[in-house]
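Enquirer: The hints should help you fit chain B onto chain A, whose structure is shown.
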Amino acid sequence: MTEMTRRLLLATATAVPFAGWVRIADAAAPKDTAVFAKQIDDIITLDPGECYELSGIEMCTNIYDRLLRYEAEDLNKLVGGVAESWTVAPDGKTFTFKIRPNLKFQSGAPVTAEDVEFSLQRVVLMDKTSAFLLTQLGWSKTTVKDLVKGSGDTLTLKIAADFAPSLVLNLMTSIVASVVEKKVALANETNGDLGNGWLKTHSASSGAFKLIAWKANESVSLEAYPGFRLGAPLLKRVVVRHVPEPASQRLLLEKADADYARDLTPDQIKPLASNPDIKVESFKAANTFYMGLNLGYEPLANPKVRQAMKMLVDYDGMVKSFLAGRFFVQQSFLPLGFFGAIEYVPFKLDVAKAKGLLAEAGYKDGFAVKMAAPNVSPWTEISQSVQQTMGQAGIKVSIEPMELKAVISQYRGRGHQIAMLSWGPDYFDPHTNADTFAHNDDNSDTAKSKPLAWRNKWFIPDITKEMLAAAKELDAKKRAEQYVVLQKKVTDEGPFILMFQNTNQIARRATTTGFNPGITEDLNFYRTIRKS
Amino acid sequence: MTSPTAQGAASAAPAWGLARSLANRTTRSLLSVALTFLGLTCVTFFIGRVIPIDPVLAIVGDKASAETYARVRAEIGLDLPIPVQYWRYLVKVVHGDFGNSVITSRPVLHDLLQVFPATLELALLALLIGVVAGVPMGVLAATHRGRWQDQVIRFLSLLGYSMPVFWLGLIGLLLFYARLGWVEGPGRLDVAFDDIVAPIIGMITIDSLLAGEYEVFWNAFWHLLLPASILGYLSLAYVARMTRSFMLAQLRQEYVLAALAKGLSPWRVVWVHALGNVWVQLVTVIALTFGSLLEGAVLTETVFAWPGLGLYMKNSLFNADLNAVLGATVLVGVVYIGLNMISDLIYPLVDPRARDQ
Chain A
1196 MTEMTRRLLL ATATAVPFAG WVRIADAAAP KDTAVFAKQI DDIITLDPGE
1246 CYELSGIEMC TNIYDRLLRY EAEDLNKLVG GVAESWTVAP DGKTFTFKIR
1296 PNLKFQSGAP VTAEDVEFSL QRVVLMDKTS AFLLTQLGWS KTTVKDLVKG
1346 SGDTLTLKIA ADFAPSLVLN LMTSIVASVV EKKVALANET NGDLGNGWLK
1396 THSASSGAFK LIAWKANESV SLEAYPGFRL GAPLLKRVVV RHVPEPASQR
1446 LLLEKADADY ARDLTPDQIK PLASNPDIKV ESFKAANTFY MGLNLGYEPL
1496 ANPKVRQAMK MLVDYDGMVK SFLAGRFFVQ QSFLPLGFFG AIEYVPFKLD
1546 VAKAKGLLAE AGYKDGFAVK MAAPNVSPWT EISQSVQQTM GQAGIKVSIE
1596 PMELKAVISQ YRGRGHQIAM LSWGPDYFDP HTNADTFAHN DDNSDTAKSK
1646 PLAWRNKWFI PDITKEMLAA AKELDAKKRA EQYVVLQKKV TDEGPFILMF
1696 QNTNQIARRA TTTGFNPGIT EDLNFYRTIR KS
Chain B
2 MTSPTAQGAA SAAPAWGLAR SLANRTTRSL LSVALTFLGL TCVTFFIGRV
52 IPIDPVLAIV GDKASAETYA RVRAEIGLDL PIPVQYWRYL VKVVHGDFGN
102 SVITSRPVLH DLLQVFPATL ELALLALLIG VVAGVPMGVL AATHRGRWQD
152 QVIRFLSLLG YSMPVFWLGL IGLLLFYARL GWVEGPGRLD VAFDDIVAPI
202 IGMITIDSLL AGEYEVFWNA FWHLLLPASI LGYLSLAYVA RMTRSFMLAQ
252 LRQEYVLAAL AKGLSPWRVV WVHALGNVWV QLVTVIALTF GSLLEGAVLT
302 ETVFAWPGLG LYMKNSLFNA DLNAVLGATV LVGVVYIGLN MISDLIYPLV
352 DPRARDQ
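Read top to bottom, the protein sequences are chains A and B.
For the first sequence, the working numbering begins at 1196 and goes up steadily by one.
For the second sequence, the working numbering begins at 2 and goes up steadily by one.
Just chain A, with the same shape it has in the complex (with noise of 0.2 angstroms):
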C-alpha cells in the first residue's frame, strides 16, 4: 500500500463521523401544535390533589377544570368553572354551589357534585403539601367528609373556621379545587391511596386539554378536549419540552422548534429584539423578592437598624442595570394585582441617613453579618450590590452564597443571620401572603406554624391579631383598608426588607399568539394560543 492511499485511508476514517453533518435540517413545531421551551424539572406530581409546583400547577390548569376560576378572558374577574351559581349564608359558614348541567368528563362520564366532594375531600385525606389550602377552613380527615356534601347538582361546603367569604372563594379557584373523575381515580386506586399513584402521570379530568404523556426532565404533551366548557382550545396538542439551558432554549425558538421560550435570560432576550420572527413580551408577576432578617442576631433587633438597612439598598439602580425588564420596585408584601395590595416604596438609597440612624442605635461604625444568598442569577448580582451599598456604612456584609434548597433549609432552622429570598402566592388572596409575613403569635422554637415572620423571630400577637381579622372581615372595603394597614407595618417595622416584584419575559415566535400568562401559575392558559 503506498504512503498516498494510507494516507487517504485515514482521512477517510477520520472524516467518516462528521461527513453525516452534510443534511438539510425540515423540522419545525407543527401548525396544530404549540411547543414551549421551557424548565420544568419542578415537576414532580400531576396530581391535582398533591400538586404544589410552578410548572405542575401550570400544567394542571390546563388539564383540569376547578369550582370556580379566574378566566383567560378576564383574569380579575371571579367566575363559575364547573359551578355554574353560588350563595353564600348570612353567617359566612355555610357556601352552597350549583354545577353546570351537561358538563363531561374527558371520559365522556358527567361532571357530578359527588365528583368534587370527592376531589375537595381527597385533598384533606391525602394530606400532601398543598393540604394546608384546605385545613385552614377547618376541614380536618375526620371532618371533611361532613363539612364537604355534594349531591345531583348541589355541593355544600361548610367552613369551621373564620374566614372572610372571599378568601374561601378564592381558595375554590386554587389548584386544590380541581376536578377530578371520581370513578376513574378509584378505579386506579391502590393500597387506598385515591387514586393519586395513578394519577401522577394521567388524567381524570374535564379540563380544556387532556394529558399524553408526562416524560419526567424531558416533556409534558397535552391533546384539546374538544368538549370544553368554553369551547375547544383552538391547536391540537401543546409540548412543553424541558431545556435547561436558556441559549439552548433561544437557539430552539430562533429555528421554530418551539414557539415559546420561557427561561431565557437579559443576555439572551436582548439580541431578539431586532428579530422580525421574534416577540419578547413581560407580564407581571407575583414573586416578591426580599431580605430576612434574623431578630436573634442582636443588632438586626434594634429598629433603627433595620430602617437604616432598608435605606441601603439600591433599589432602583438595580431595576435600572441589571434586573431591568424583569423586576419592578415593590416594597410591600402584596404583589401589585391582588386585592387590597398598594404600591408603596417608602425607601431609597440614602447613604447619610442611614448612617445617622446607626449612630443613633450605638453602631456608629457598623457590624458584621453573614448573608445567605441562593448562589444563581439573579441572587447573586442582588447580593453584591447590597453588600457594595451597606458597606458604605460601615455594615460589613458576608454574602454565604449556597443552593436554594440549603437556604430554606437553614431559614427554616432560623439559623440565617440575613436571608435573600423570594416568597411566591399560594392562591389568589392577600390572605396567602399576610398569613406568613404577619403572623406570628407563638415565637417558640416548638410552634405549630412556622411563618416568614416566626423565622425571622419577630414576635407580633398583635399584627396577628389584626392580619386574622383581615382575613374574615365580609366588607371588602374594609378588608382592602386593614390590608393597607398590615402592609405599611411590616414595611416599615418588620425584619424584612422587600425590595421587588418580577415580571415575566416570554420571547414568542410572532405567528404564535394567544399565549398571555397572568400572574400566578392559576392563570396561566395554553388554550387560546393560535398559529397563523
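Think of the hints as simulated: they come from the structure by calculation, not from any bench.
Some clues are possibly wrong.
Straight-line alpha carbon distances no greater than 25 angstroms define the calculated DMTMM-like cross-link-like pairs of lysine to aspartate or glutamate that follow [unchecked claim]: (1) A:Lys1226 / B:Asp352; (2) B:Lys315 / A:Glu1576; (3) A:Lys1410 / B:Glu214; (4) A:Lys1272 / A:Glu1668; (5) A:Lys1410 / B:Asp196.
Since the model is a prediction, treat every value here as computed from it, not as a measurement.
Expert: For chain B alone, kept in the frame of chain A given last:
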C-alpha cells in the same frame, strides 16, 4: 510423532489454564467488587446525610404544615439513627430497591433504567467517534513526530482538552443547528416524532430500527449526532494523545528496527506489530474514557436537553433527591467496576503474557 491423546492433552492444557486463570480473576474481581460496592454505598450515603439540605423539604416544599413535615420525615425514615438508616438502605439496595425518587415519584431503579439508555446511546457513539478517529490520529502523530501532521493533531487534541464542553456544545448548536441546519437541535426527537416508537431497550435509534420506523431513526440520529460528536471530540483528544504517547514508546523498541531490517513493510510494522503492543494500555484508556462519558456528560446533557443520567443526577442533586442521587452514584460506581472487570477480562485476549500470570 505424538499420539492423538497426547495431542489432545497438550491442546487442552493451555485451554484449561486459561479457563482457570479467568475463573481466578473473576473470583478476585467479584470480591473486590463487593468490597468496593460496600464502600461506595457507605460513602455516598453518609455524604448524602451531611449535606446542608433538608431532604424533607424536597418532598413537601417550603410551605407544608408542621404535621405534614413530621409525617413525611418519619415516612422516609429520617427520624431513625443514621446507622439504622444506612443498614435499611443497604438491605434494600441489595434487593434492587433504591427507594422512590422525589422528582419523578417513581422507583429510582425504574428511572435509572429509563435515563441510562439515553446516556449509553450518547456515550457509545461518542466512544466510537473517539476511538475510530482518535487511535489512527495518535498513530499518525507518532509516526510523523515533529512534522506538521503531528503538530496539527496535537493542537486539535489540546483544543479538545482545554475547551469547556459547555461552550463547545453551545457553539456547536449555534453553528451546525442554528446557522447551517446540518443537524437537529436539543432533545432526542422532534415533537412530531414523539411517542411513535415504544421503548424496547431505551435507545431510540435502536428501538426505531427494531420497530421499522426509519423516519424516527433518522430524526433521532440527527439529534444524536452533534452531542455525540462534541463528546466524541473530547474523548478523541484524550485517546489520540495517549495513543501517540504509547506508540512513541513502542516505535523506539528494538523489535521495530529488527522488523524493518527484516524487510517488513513499515505499514505492517506500525499498524500490526507496534499498535498490537499498545492495545493493552489502550483498553484501559478506552474503558476509563467510556466511564467518564457515561457519568461526565452532565453539561452536554444540559445544553442539549438530553434526558440522560447526567441531567438526572444534576436535577436530583439540586432537588435534594437523596434516593436518586445515591442510586445514580451507585450505578456509576457499578459501571466503573463493570468496566474494570471487562478490561481485566480483555487483557488476556489482547496480551498473551497476561494469560500466563
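Enquirer: Work down the list of hints and note, for each, if the structure agrees.
Expert: Hints versus structure:
no., hint, result
1, A:Lys1226 / B:Asp352, "violated, 59 angstroms"
2, B:Lys315 / A:Glu1576, "holds, 23 angstroms"
3, A:Lys1410 / B:Glu214, "holds, 21 angstroms"
4, A:Lys1272 / A:Glu1668, "holds, 20 angstroms"
5, A:Lys1410 / B:Asp196, "holds, 11 angstroms"
The earlier numbered hint that this structure contradicts is number 1, and it is the only one.
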